[in-house]
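Peer 1: Residue numbers (the working numbering), protein chains in the order written: chain A, 1 to 113; chain B, 1 to 405.
Just to be clear, a hint being listed does not mean it is correct.
As the list claims (entries may be wrong) - As a list, the in silico DMTMM-like pairs of lysine to aspartate or glutamate whose alpha-carbon atoms are at most 25 Å apart: (1) LYS40(B) to ASP354(B); (2) LYS35(A) to ASP354(B); (3) LYS257(B) to GLU74(A); (4) LYS257(B) to ASP49(A); (5) LYS96(B) to GLU92(A); (6) LYS35(A) to ASP191(B); (7) LYS330(B) to GLU56(A); (8) LYS257(B) to ASP69(A).
What the hints assert, rightly or not - Some chain A residues flagged as far from chain B (calculated, every beta-carbon gap over 12 Å): (9) GLY13; (10) ALA15; (11) ARG19; (12) ASP23; (13) MET41; (14) PHE65; (15) LEU77; (16) SER112.
The hints are simulated quantities; they were obtained by calculation from the structure and are not laboratory data. Backbone N, C-alpha and C define an ideal beta-carbon position, used for all residues, glycine too.
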Amino acid sequence: MGADAGGLQLPEGFAELERFVSDWALGSEQERNHKRLTSSMEELQIFYDAMLLSMEAIVTHLTRFRLVDLPLPEQRLLALTLSLMEVAPAVEVYGTPDVPNAIAASRFLIRSP
Amino acid sequence: MPEGKTSRPSRQSSQSVNLIPIEPNISADYFEREREAIFKHVWLKVGRVEELPRPGDYLVRDLAILRSSFLIVRGEDGILRAFHNICRHRGNRLEKTCLGSAKSFFCGFHGWTYDTVGRLVHVPQEQDFGALSKEQLGLVPVALDVWEGFIFINVDPTPQESLRDYLGEVAARVSGFPFEQMELAGQWTADITSNWKTFQDAFVEAYHVQTVHRRSIPDYRKGPVKAGLRTLGRHGNLTFYLDLHHEPLPAEGWAFKAGALAFLHSDATTASQQRPPGLNPDRQANWIFDEFLIFPNFHLFLGDGWVLCHDFWPVSVDHTDWTVSYYLQKVDNPAIRIAQEYSKVTMRDTIREDLSTIESTHAAHRSGALTHMVVSSELERLVTHHHNVIATYVEGEASDNRRGA
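The following block holds chain A by itself, in its conformation from the complex:
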């Protein structure tokens, strides 16, 4: 997903989230989950906190669009919010990147539809 001519990858007004795009604007559940599992809790917390602060503005912005013809900058913004939902249980519930006591994540295969 390349950046536009101005170097911005997200819609205008979300400059504070640009730094997360390369790590977290991921297109599949498997990629987002892998990123969650291979991040430290500190990294997850930083991303989580920054995203929560922007959620009001993000939802207001994205609601103006339809999924079927979402422009690229909005696609990346949506991908960031999907990553927020992916990391939320780690931060809010478990305190660890992965679900504790479950079978090893490598045995639980996440397939793309």
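Using the hints, position chain B against chain A.
Peer 2: Below, chain B without anything else, positioned relative to chain A:
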């Protein structure tokens, strides 16, 4: 099984307790009896019609429990059929890929070719077979039928019942669910070192929720788990309720705000759409989902705007292949998509929590230290019921009156 002993659950009359024999969960001999008595004679769910929308679309399912590979194909006439994936020449596996679209199927051994309705249409050097009756050498058909878009097959050469009769009351309870509005949103698979029955037992009662899911579903600390349990012939049904006792977590709060399609919702009686009769049958405000346990190995969860399917495929007495498919209502609004993602991730992580007990239970069963599980006739009646139905298939009707509930 030792002579004279039954695998059937029994009831202790003075208590609300059933005893379920453990031997069937660890016996390779019993597994073979299940293969013969059950899996060769029932309707088995193998896919969804959306996987093969166009003529020529096919998928291949290798089912270890039947030691068979099946080719499921939508013919050029638009009709779905199932065949054994075997060339009629010398019995080689015909189609080697698992999914695709084709005008014909070509055996890589000698080039015998079949069309999409299973007819043998080409034999290289046919003259060297004399007057070969190609019309009698089509692919071996397997009974196939479709219910609510789910594709079922039955390898019994003369199936005992139609699919609709087999499903019985489940069909009536689910009728009207908008499956056509759903699309596959996630799919998770694992090979699990457990007997298939032990694995399935973990998902047919709500009693484990307050322990296994104490982190992801903390609300049960305030009171007992509530679930409605009913048997529907061979099948089962679990109606799940949840009283929310916690403040929504931040991400959860966004899911509630953004969409009506979250895993949990505030008042299930104010349904914005008509529900099938079997969903929230008692019209409770705190209803979350209804789970249908379709014998022998298919669990179907239905909620508002989501569907979850568990497929449990026995491979051996100690090993089960498992696939979970999660379907969500197609939406246009990105904000609702965010809420859906929260629902999917939390559902997935909750299921991962279930995996903390299954392999360890099976491993402990293998010790032989216990001969029976001691279960509640009320809270765990669907566990007993599943083992009971299996015992009926494997051993025939009970000859004594020591039945489980």
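Peer 1: Work down the list of hints and note, for each, if the structure agrees.
Peer 2: Checked hints:
no., hint, verdict
1, LYS40(B) to ASP354(B), "violated, 29 Å"
2, LYS35(A) to ASP354(B), "holds, 23 Å"
3, LYS257(B) to GLU74(A), "holds, 20 Å"
4, LYS257(B) to ASP49(A), "holds, 18 Å"
5, LYS96(B) to GLU92(A), "violated, 45 Å"
6, LYS35(A) to ASP191(B), "holds, 23 Å"
7, LYS330(B) to GLU56(A), "holds, 23 Å"
8, LYS257(B) to ASP69(A), "holds, 23 Å"
9, GLY13, "holds, 16 Å"
10, ALA15, "holds, 20 Å"
11, ARG19, "holds, 20 Å"
12, ASP23, "holds, 17 Å"
13, MET41, "holds, 15 Å"
14, PHE65, "violated, 6 Å"
15, LEU77, "violated, 9 Å"
16, SER112, "violated, 8 Å"
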